[in-house]
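Chemist: In order, the protein sequence lines correspond to chains V and R.
Mapping the first sequence onto numbering that gives the first Met the number 0, position 79 (from 1) lands on 78, and the numbers just tick up by one.
Mapping the second sequence onto numbering that gives the first Met the number 0, position 292 (from 1) lands on 291, and the numbers just tick up by one.
Because the hints were derived from the structure by calculation, they are not lab data.
Among the hints, a few may not be true.
[Claimed, not checked] Taking CB as the label site, the calculated pair distances span:
# : chain 1 : residue 1 : chain 2 : residue 2 : range
1 : R       : G31       : V       : K292      : 39 to 47 Å
2 : R       : G31       : V       : G97       : 38 to 46 Å
3 : R       : A62       : V       : R176      : 30 to 38 Å
4 : V       : E139      : R       : R77       : 38 to 46 Å
5 : V       : Q231      : R       : K212      : 50 to 58 Å
6 : R       : R77       : V       : L67       : 28 to 36 Å
[Claimed, not checked] Non-contacting residues of chain R with respect to chain V, defined by C-beta distances greater than 10 Å in every case (computed):
#  : residue
7  : V39
8  : A59
9  : R148
10 : E152
11 : P220
[As the list claims (entries may be wrong)] In silico DSSO-like links for lysine-lysine, alpha-carbon gap of 27 Å or less:
#  : chain 1 : residue 1 : chain 2 : residue 2
12 : V       : K217      : R       : K71
13 : V       : K292      : R       : K202
14 : V       : K214      : R       : K292
15 : V       : K71       : R       : K291
16 : V       : K118      : V       : K212
17 : R       : K214      : R       : K51
18 : R       : K52       : R       : K202
19 : V       : K198      : V       : K214
20 : V       : K291      : R       : K217
21 : R       : K258      : V       : K71
22 : V       : K214      : R       : K71
23 : V       : K214      : R       : K291
24 : R       : K71       : V       : K258
25 : V       : K291      : R       : K292
26 : R       : K198      : V       : K291
27 : R       : K291      : V       : K292
28 : V       : K202      : R       : K291
Ideal Cβ positions, reconstructed from N, Cα and C, are used throughout, including at glycine.
Protein chains: 2
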Amino acid sequence: MAPKASGTAKASSRKADSTADNAELRRLLLAGPDFALDAVDPHSTPGFDGGKKAGTAALAAGADALSLLQEKLFAESRAGSGIAVLLLLQGMDTSGKGGIVRHVVGLVDPQGVQHSAFKAPTEEERSHDFLWRVRRQLPEAGMIGVFDRSHYEDVLVHRVRSLSPADEIEKRYGAIRAFENEVAASGTRMLKVMLHISKDEQKARLSERLERKDKFWKYNPGDVDERGYWQQYQEAYQTAIERTSTPDTPWYVVPADRKWYARLAVQHLLTATLEDMQLSWPPATFDVEAEKKRLAAS
Amino acid sequence: MAPKASGTAKASSRKADSTADNAELRRLLLAGPDFALDAVDPHSTPGFDGGKKAGTAALAAGADALSLLQEKLFAESRAGSGIAVLLLLQGMDTSGKGGIVRHVVGLVDPQGVQHSAFKAPTEEERSHDFLWRVRRQLPEAGMIGVFDRSHYEDVLVHRVRSLSPADEIEKRYGAIRAFENEVAASGTRMLKVMLHISKDEQKARLSERLERKDKFWKYNPGDVDERGYWQQYQEAYQTAIERTSTPDTPWYVVPADRKWYARLAVQHLLTATLEDMQLSWPPATFDVEAEKKRLAAS
Chain V
0 MAPKASGTAK ASSRKADSTA DNAELRRLLL AGPDFALDAV DPHSTPGFDG GKKAGTAALA
60 AGADALSLLQ EKLFAESRAG SGIAVLLLLQ GMDTSGKGGI VRHVVGLVDP QGVQHSAFKA
120 PTEEERSHDF LWRVRRQLPE AGMIGVFDRS HYEDVLVHRV RSLSPADEIE KRYGAIRAFE
180 NEVAASGTRM LKVMLHISKD EQKARLSERL ERKDKFWKYN PGDVDERGYW QQYQEAYQTA
240 IERTSTPDTP WYVVPADRKW YARLAVQHLL TATLEDMQLS WPPATFDVEA EKKRLAAS
Chain R
0 MAPKASGTAK ASSRKADSTA DNAELRRLLL AGPDFALDAV DPHSTPGFDG GKKAGTAALA
60 AGADALSLLQ EKLFAESRAG SGIAVLLLLQ GMDTSGKGGI VRHVVGLVDP QGVQHSAFKA
120 PTEEERSHDF LWRVRRQLPE AGMIGVFDRS HYEDVLVHRV RSLSPADEIE KRYGAIRAFE
180 NEVAASGTRM LKVMLHISKD EQKARLSERL ERKDKFWKYN PGDVDERGYW QQYQEAYQTA
240 IERTSTPDTP WYVVPADRKW YARLAVQHLL TATLEDMQLS WPPATFDVEA EKKRLAAS
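Model the full assembly from the supplied sequences, consistent with the hints where possible.
Modeler: Structure follows, in structure tokens:
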């Protein structure tokens with residue numbers, strides 16, 4: 000994370016090198032081989048010593064860098080590159096997936112974003128393999144795709160609420176790994192993020208939706224029912240992450256009780272993903288001096 | 000336009016009522032029955048007395064109002080409304096269509112935006128009626144659709160470069176009117192905007208693309224060829240606007256030599272379009288007090 004913004008002596012003594020800082024952030028948030036979801040404190044702020052004010056300022060300070068990288072990704076596609084990015088967001092209801100889209104993805108040009116929200120599948124979608132509807136929404140070259148929920152619902156809610164047979168769900172982990180390897184091999188970098196909130200924080204957020212008339216439309220009585228399965232959902236996430244966090248398509252688990260932290264962390268993870276791609280402005284495919292003359296004469 | 004922002008005595012004597020100001024702006028920019036494109040000065044700033052600094056501040060000042068209206072539009076769709084908005088952008092190369100998307104549409108939540116850029120049609124698209132690909136991209140309920148170019152290319156470049164027979168183009172004006180009436184009747188409000196730049200301003204903008212290595216990717220030698228048909232394009236726009244500006248689906252012609260003005264004008268036109276829809280937060284479809292108790296017990 001950008002050390003300048005945290006405003007503490009400890010932070011400002013770090014290297015002023017966002018790539019190095021982002022590498023540290025990744026290390027802190029990566030779901031590696033010994034990952035345990037119940038060891039992650041949803042209220043913590045790994046890699047960032049500052050508070051909300053400094054975090055909000057750091058988010059704004061990182062906007063231009065992210066926006067520039069997105070434009071380079073887009074520009075490269077115009078010159079024929081086939082690469083893209085896919086930000087996949089999962090988390091319990093109210094974990095802040097929409098806020099990430101609005102406040103992080105919203106920092107870049109809408110022309111470069113392909114957003115897909117996956118709700119309960121339609122009848123047509125249910126008639127196909129569970130990956131069918133997801134494949135159709137994969138980002139085109141040059142784009143940042145965003146999945147608000149995804150094929151992981153088919154091993155999360157399906158497992159917890161027994162919407163599919165256990166042996167079918169068991170097969171899906173392998174199918175997901177194969178699918179994601181294929182996506183990565185095609186040139187699309189996946190950034191898989193779980194926004195991790197506590198059950199108490201969810202209660203506070205749902206409560207707000209019942210207090211404000213401008214929030215009623217976001218409230219769904221079914222969300223309270225799902226709270227009864229909280230522990231089962233945590234276990235389903237643990238299993239899904241264990242089985243599908245691979246070196247090429249790793250999971251990052253972002254503590255999300257503090258919205259400002261989750262947004263800042265995802266911004267930096269996304270920036271780091273784009274930095275990895277070593278993007279550059281495409282060279283001219285025409286004779287610049289000749290074109291200057293033609294234009295002057297036109 | 001917001002009178003506070005223009006910073007002149009004349010402007011601040013106007014009513015501080017954005018709806019009234021937006022009504023005036025619409026009147027100034029509307030392509031009515033006697034519309035003449037060659038009477039519109041691309042360098043003018045109708046309805047706004049201030050300069051670039053005040054205009055940029057006014058754009059920022061209008062962001063929250065636009066964002067709130069977009070959220071209401073989206074919320075209503077969740078409660079079952081079928082309404083949507085379609086912002087259709089046309090203009091010569093470099094007229095700033097992309098800048099409108101980035102700086103005006105970019106002010107609202109990406110979750111509520113469906114952006115479509117229409118390039119030269121693919122083979123599949125060419126095998127269908129010219130409206131086929133456009134219909135497929137109409138915004139879903141609750142969304143703000145954005146068309147960067149549109150079915151109007153089929154009566155603009157097709158007319159100027161004789162890509163279709165004259166009698167076929169002649170039929171298309173009627174087909175467009177019928178199509179757009181149908182779109183309006185289905186509950187989608189269309190905001191059709193032509194960004195009007197001068198030939199000199201286009202030269203300056205193309206020239207910048209040849210001076211900066213981070214702009215080469217935007218330069219297309221074909222753009223210089225098209226400059227040779229400038230007057231024919233103006234005439235094709237005049238005809239298209241004359242034939243398709245109707246009370247329900249009017250055209251607005253926005254002077255666009257000053258980017259800050261074009262962005263501010265389109266922002267206000269879009270805000271006014273949403274204000275017309277008299278959006279409101281959907282009421283609760285559940286018993287709020289009962290849900291509070293269920294949540295507290297969960």
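Chemist: Against this structure, judge whether each hint is valid.
Modeler: Each hint tested on the structure:
1. G31/R to K292/V: 39 to 47 Å: 42 Å, holds
2. G31/R to G97/V: 38 to 46 Å: 41 Å Cβ-Cβ, so the 38 to 46 Å window holds.
3. A62/R to R176/V: 30 to 38 Å: 42 Å, violated
4. E139/V to R77/R: 38 to 46 Å: Check failed, 28 Å falls outside 38 to 46 Å.
5. Q231/V to K212/R: 50 to 58 Å: Because 55 Å falls inside the window, the suggested range holds.
6. R77/R to L67/V: 28 to 36 Å: Between R77/R and L67/V, where Cβ atoms are some 35 Å apart, the hint holds.
7. V39: At about 22 Å from chain V, V39/R clears the 10 Å cut-off, so the statement holds.
8. A59: Holds, because the least Cβ-Cβ distance between A59/R and chain V comes to about 13 Å, which exceeds 10 Å.
9. R148: Given a closest Cβ separation of 12 Å, the condition holds.
10. E152: E152/R is indeed farther than 10 Å from all Cβ atoms of chain V, at 18 Å.
11. P220: Not fine: 5 Å to the nearest Cβ puts P220/R too close to chain V.
12. K217/V to K71/R: Distance of about 12 Å is within 27 Å: holds.
13. K292/V to K202/R: 12 Å, holds
14. K214/V to K292/R: The given pair, whose Cα atoms are some 18 Å apart, holds under the 27 Å limit.
15. K71/V to K291/R: Since the Cα atoms of K71/V and K291/R sit roughly 48 Å apart, the hinted pair is violated (cutoff 27 Å).
16. K118/V to K212/V: 24 Å, holds
17. K214/R to K51/R: 23 Å, holds
18. K52/R to K202/R: Satisfied, since the Cα-Cα distance of roughly 24 Å is no more than 27 Å.
19. K198/V to K214/V: 20 Å, holds
20. K291/V to K217/R: 15 Å, holds
21. K258/R to K71/V: Distance of about 22 Å is within 27 Å: holds.
22. K214/V to K71/R: 10 Å, holds
23. K214/V to K291/R: Measuring from Cα to Cα gives roughly 14 Å; hence the hint holds.
24. K71/R to K258/V: 22 Å, holds
25. K291/V to K292/R: 71 Å, violated
26. K198/R to K291/V: Holds - the C-alpha atoms of K291/V and K198/R are around 16 Å apart, at most 27 Å.
27. K291/R to K292/V: 71 Å, violated
28. K202/V to K291/R: Distance of about 10 Å is within 27 Å: holds.
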